[in-house]
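These protein sequence lines are chains A and B, in that order.
Numbering of the first sequence is given in our numbering, commencing with residue 11 and proceeding in unit increments.
Numbering of the second sequence is given in our numbering, commencing with residue 2 and proceeding in unit increments.
Rather than coming from a laboratory, the hints here were simulated on the basis of the structure.
There may be inaccurate statements among the hints.
Claimed, not checked - Just some of the chain A residues that point at chain B, by a computed CB distance under 8 Å:
#: 1; residue: Pro55
#: 2; residue: Ala117
#: 3; residue: His214
As the list claims (entries may be wrong) - Some but not every residue of chain A turned toward chain B, in silico, with C-beta under 8 Å:
#: 4; residue: Ile56
#: 5; residue: Arg132
#: 6; residue: Asp187
These numbers come from a predicted model, not from an experiment.
Using N, Cα and C, we set each Cβ at its ideal position, and we do this for glycine too.
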Amino acid sequence: MLHFFKKTPNKQQIARVKVLVFLLCTIPMLRLIWLGFQEDLTANPIEFLERSTGFWALMILLATLTLTPIRIITGRAWPLQMRRMLGLWMFFYACCHVIIYVWLDFAFLWADIVKDIAKHPRILVGFAAFVLTIPLASTSNQAMMKRLGQHWKPLHQSVYVIAILSIVHFWWLVKIDIREPMFYAVVLAILLGIRIYYHFKLKHKIK
Amino acid sequence: MKPYSPPYIPASEITPKDTFENRRAFLQKAGFGVAAGTIALLNHPVRAAETAVKSPIIQPVGAGKKIAQYKKTAFGAEEKLTSYEDVTTYNNFYEFGTDKSDPAKNAKLFKTQPWAVSIEGEVKKPKIISLEDIIKLAPLEERIYRMRCVEGWSMVIPWLGIPLAKLIQWAEPTGNAKFIEFITLNDKQQMPGQNLPVLDWPYVEGLRMDEAMHSLTMLAVGLYGEQLPNQNGAPLRLVVPWKYGFKGAKSIVKIRFTEKMPRTSWMKAGPREYGFYANVNPNVDHPRWTQSSEKRIGAGLFAGRIKTQMFNGYAEQVGQMYAGLDLQKNF
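Produce the entire structure from the sequences given, and follow the hints as far as they go.
This is the structure we're talking about:
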């Protein structure tokens with residue numbers, strides 16, 4: 011395994027890693043389906059589904075954001091090839107999260123949904139984060155990358171805003187025991203901190 | 002770091018529905034049996050006394066023990082009960098952890114015997130009363146109440162207990178007593194959740210005197226015909242059905258009569274979010290949760306929401322207590 015990380019893998023190996031990552035990303039969904047058939051989704055299944063899908067969207071988002079720090083620190087760029095797939099899986103779980111909210115939680119009562127979003131800052135930031143993921147998901151293919159050219163990168167850097175909003179959304183959800191969102195906030199701060207640190211260090215060197 | 006690991010319940014531990022219903026039927030029959038027996042025993046007061054000593058209403062040690070003798074009431078007869086499993090595995094009881102599945106896991110060894118409640122503050126004289134004596138203050142009755150959590154979900158629970166008013170009468174408050182504070186046990190050894198500074202321990206809740214004396218307000222010692230399971234606030238908890246669930250202080254060890262409005266644990270934790278009254282009110286929104294509708298636990302994935310009722314549907318009984326009070330400000 012170590013050997014694998016030391017050397018840059020060849021195309022075939024990368025393809026295998028991609029398959030592995032893809033399969034790993036299906037596990038949270040398969041687990042929920044399995045638990046659903048077992049009728050084991052806790053006493054409040056809708057809330058459980060909402061939280062679980064939201065949690066995994068955030069986890070995959072954080073995983074996506076670790077790829078650049080890995081490159082910066084280890085100099086290995088090949089893991090960046092997982093970025094699009096991870097981003098799309100994040101979008102998938104975020105969509106599940108929103109669909110469950112709109113359908114199971116609020117039964118498509120649009121007036122109530124609008125009120126819920128407008129009145130509650132926690133829902134508003136979550137909703138904003140979701141809206142921001144839509145242009146990213148829809149411009150993730152090769153064709154759109156080409157079409158957008160130099161604009162593609164700044165657009166996709168909004169993922170940092172999405173990550174921050176998601177953590178705030180999680181933080182404001184918990185009544186009082188903030189340990190868990192705080193943990194992920196720290197993780198995100200480290201991931202973004204590494205970028206900022208190296209960004210300024212590089213600039214300095216160039217001067 | 003998994004936020005919501007579902008509680009693991011082996012299939013062998015789940016009571017099949019028909020067995021469960023048989024048990025209910027049995028209990029009901031047993032109830033009639035007891036009633037019949039009581040009538041027979043009235044003619045033999047000596048024997049009645051003996052029987053009473055030999056079979057105390059609440060048996061010692063631990064929860065899960067059946068309560069043999071209680072009267073049924075008409076409260077909530079039209080409601081569909083939330084399953085015993087849901088009522089006892091989905092709990093907010095931060096003394097045993099902040100996850101809803103924590104209390105059922107962490108309260109297993111909680112010791113509720115012996116138990117006594119200290120009566121303090123604005124009373125003729127401070128007293129201590131044992132749990133055994135509390136349940137002798139009035140016949141135990143079963144009342145089915147809706148329970149609405151501030152988080153936007155609700156249950157229907159068959160509680161067993163006595164009206165709180167009976168204990169208040171026994172406590173003999175003075176004319177200065179305007180409010181009552183309910184204080185939960187403070188014991189880090191037994192309540193691991195108290196090692197976290199999430200709330201200002203011990204848990205404090207409070208009621209205005211008229212609210213506490215209201216006939217709907219209950220001191221519960223059981224549910225579903227059993228002694229309170231530990232995770233539901235054993236051995237003694239408050240039930241105030243027209244207020245959000247957090248008003249129902251659990252594992253009460255102190256009841257203090259005061260002249261000033263108590264500052265409750267949740268008021269200290271979030272004064273903008275949790276007021277003293279905490280009446281269920283679909284017109285007063287919470288910064289995090291929609292309060293105009295709720296999810297009924299056990300209704301299933303596609304049941305949608307039900308409209309939240311003013312005072313949780315008890316407006317007819319309690320509404321007059323708040324006449325002239327600005328409920329937007331006094332939330």
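Holds or violated: is the Cβ of A:Asp187 closer than 8 Å to a Cβ in chain B?
-> 4 Å, holds
Can the hint on A:Ala117 be confirmed by a CB-to-CB distance to chain B that is less than 8 Å?
-> Constraint on A:Ala117 satisfied, holds at 3 Å.
Taking the least C-beta to C-beta distance, is A:His214 closer than 8 Å to chain B?
-> 36 Å, violated
Interface hint outcome for A:Arg132 [beta carbon to chain B under 8 Å] | At 6 Å from the nearest chain B Cβ, A:Arg132 passes the 8 Å test, so the hint holds.
Once the shortest beta carbon distance from A:Pro55 to chain B is found, is it less than 8 Å?
-> Holds, because the Cβ-Cβ distance from A:Pro55 to chain B comes to roughly 6 Å (cut-off 8 Å).
Closest C-beta approach of A:Ile56 to chain B relative to 8 Å, hint status = 6 Å, holds
Checked against the numbered hints above, the structure violates only hint 3.
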